Amino acid sequence: MSVIKPFLAVRPKKEYAAEVAALPYDVMNSAEARAAAAGKPYSFLHVDKAEIDLPLDTDLYADAVYAKAAENLQKLLSDGICFREDREKLYLYRQTMGKTVQTGIVGCAAVDDYVNGVIKRHELTRADKEADRIRHVDTCNANTGPIFLAYRETAQINRVIDKYLSLAPAYDFVSDGGVRNEVWVIGDDADIQSLVDGFRQVESLYIADGHHRAASAVKVALKRREAHPDYTGDEEFNYFLAVYFRADELKILDYNRLIKDTNGLSDDELFEKLGGVFTVAPSRTPVRPAHRHRFGMYYKDRWYCLDLKPGLADENDVVDSLDVSILQKLVNEPIFGIGDPRTDKRIDFVGGIRGLEELEKRCHEDMTLAFSMYPTSLSELMDIADSGRIMPPKSTWFEPKLLSGLFIHELDG
61 MSVIKPFLAV
71 RPKKEYAAEV
81 AALPYDVMNS
91 AEARAAAAGK
101 PYSFLHVDKA
111 EIDLPLDTDL
121 YADAVYAKAA
131 ENLQKLLSDG
141 ICFREDREKL
151 YLYRQTMGKT
161 VQTGIVGCAA
171 VDDYVNGVIK
181 RHELTRADKE
191 ADRIRHVDTC
201 NANTGPIFLA
211 YRETAQINRV
221 IDKYLSLAPA
231 YDFVSDGGVR
241 NEVWVIGDDA
251 DIQSLVDGFR
261 QVESLYIADG
271 HHRAASAVKV
281 ALKRREAHPD
291 YTGDEEFNYF
301 LAVYFRADEL
311 KILDYNRLIK
321 DTNGLSDDEL
331 FEKLGGVFTV
341 APSRTPVRPA
351 HRHRFGMYYK
361 DRWYCLDLKP
371 GLADENDVVD
381 SLDVSILQKL
391 VNEPIFGIGD
401 PRTDKRIDFV
411 GGIRGLEELE
421 KRCHEDMTLA
431 FSMYPTSLSE
441 LMDIADSGRI
451 MPPKSTWFEP
461 KLLSGLFIHE
471 LDG
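Note that my numbering has the sequence shown beginning at 61, numbered continuously upward.
Just so you know, the hints here were simulated from the structure itself, not pulled from any lab data. Please note that a few of the clues may not be correct.
[Claimed, not checked] In silico DSSO-like links for lysine-lysine, alpha-carbon gap of 27 Å or less:
| hint | residue 1 | residue 2 |
| --- | --- | --- |
| 1 | K389 | K405 |
| 2 | K135 | K74 |
| 3 | K149 | K180 |
| 4 | K279 | K180 |
| 5 | K320 | K189 |
| 6 | K333 | K369 |
| 7 | K135 | K189 |
| 8 | K223 | K73 |
| 9 | K100 | K73 |
| 10 | K223 | K159 |
| 11 | K454 | K360 |
| 12 | K389 | K454 |
| 13 | K454 | K279 |
| 14 | K405 | K189 |
Here the structure is a predicted model, which is why all the values come from computation and not from measurement.
Turn these sequences into a full structure, and let the hints guide you.
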């Protein structure tokens, strides 16, 4: 049984929605955020990456950064760019990117669903990234970025979605990258209750994207529970902002790997070792793998097609049979000496949205070798989460990304 809760949203006025909405904080660095927000005083990057409004040498984790984020959030309200709803509602949020269309329901998920495992994870989180978002949520007193959840569809939920898709949206704009964003307000009490009841039939929710945001929101809630031992469970801090998407609509792109050097191996030594794992064949064109257990490799201005040799993958193990696991276990660690891809500076990761050209570019700039990957499937993600296992880092790249700033959940609302 899953929980979705209507909430008293803070959101942009219709005429400002496109100006406020911004990509999430964790897909760009500070320099990129400064460039993206240049000339855009209402961009939500001024809240999510508030260091862009402070001197260049400001420590990203300085008190001033979090204070500025809270100040900028309140300024959106006081300047009349955003407004607070008059009562609790849910929302429908549809994104269209090319042939990909994903429609989610915006509401609040329960902290207890996360704690009790109804909301399932597939990635580990880093303490430093958690600490940053904990301070951001606590200082802003709000969830400013939604967690991207997936669920297995039910007819009852679909009926409400279909009803609203036939109506005119409250927001309708195209964001960077050509993504169309549409939002419908679900204010009818009967429709809200139908969705609440529909999610009670959903056994599990899956974090598709936003593991650090989810973990941070939960830790803020637990911290506030400790500070208020008489809490009832109904307080807003017991819930966090989320968008619930049907799993069958979601698209996972490849998440490719870049390697800094060959670990001292000559070309002959490198290809001899790779030949023990793969059938290696040169390719005249860039290699975008067409199926599981095929990899592309770019090295010294040339592409290669790498097919895993039979018997090297444990197909009965949901984690070990992942291509990202195979590459780490059979190549990155034994050949390149990269033991922990979460911390090793000799490996980097590039989302498939940037294209194979980005791999070639980076190999000409600061890296030596690249691997293109076949995307992890959503069924693999859900199977691993159901088994209580964890994927290797950087296993999934979801597109389109949920925009921040369209919905804000205040913790004392």
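Quick rundown of the hints versus the structure:
no. : hint          : verdict
1   : K389 <-> K405 : holds, 18 Å
2   : K135 <-> K74  : holds, 17 Å
3   : K149 <-> K180 : holds, 25 Å
4   : K279 <-> K180 : holds, 16 Å
5   : K320 <-> K189 : holds, 24 Å
6   : K333 <-> K369 : holds, 13 Å
7   : K135 <-> K189 : holds, 26 Å
8   : K223 <-> K73  : holds, 23 Å
9   : K100 <-> K73  : holds, 16 Å
10  : K223 <-> K159 : holds, 22 Å
11  : K454 <-> K360 : holds, 25 Å
12  : K389 <-> K454 : holds, 15 Å
13  : K454 <-> K279 : holds, 23 Å
14  : K405 <-> K189 : holds, 17 Å
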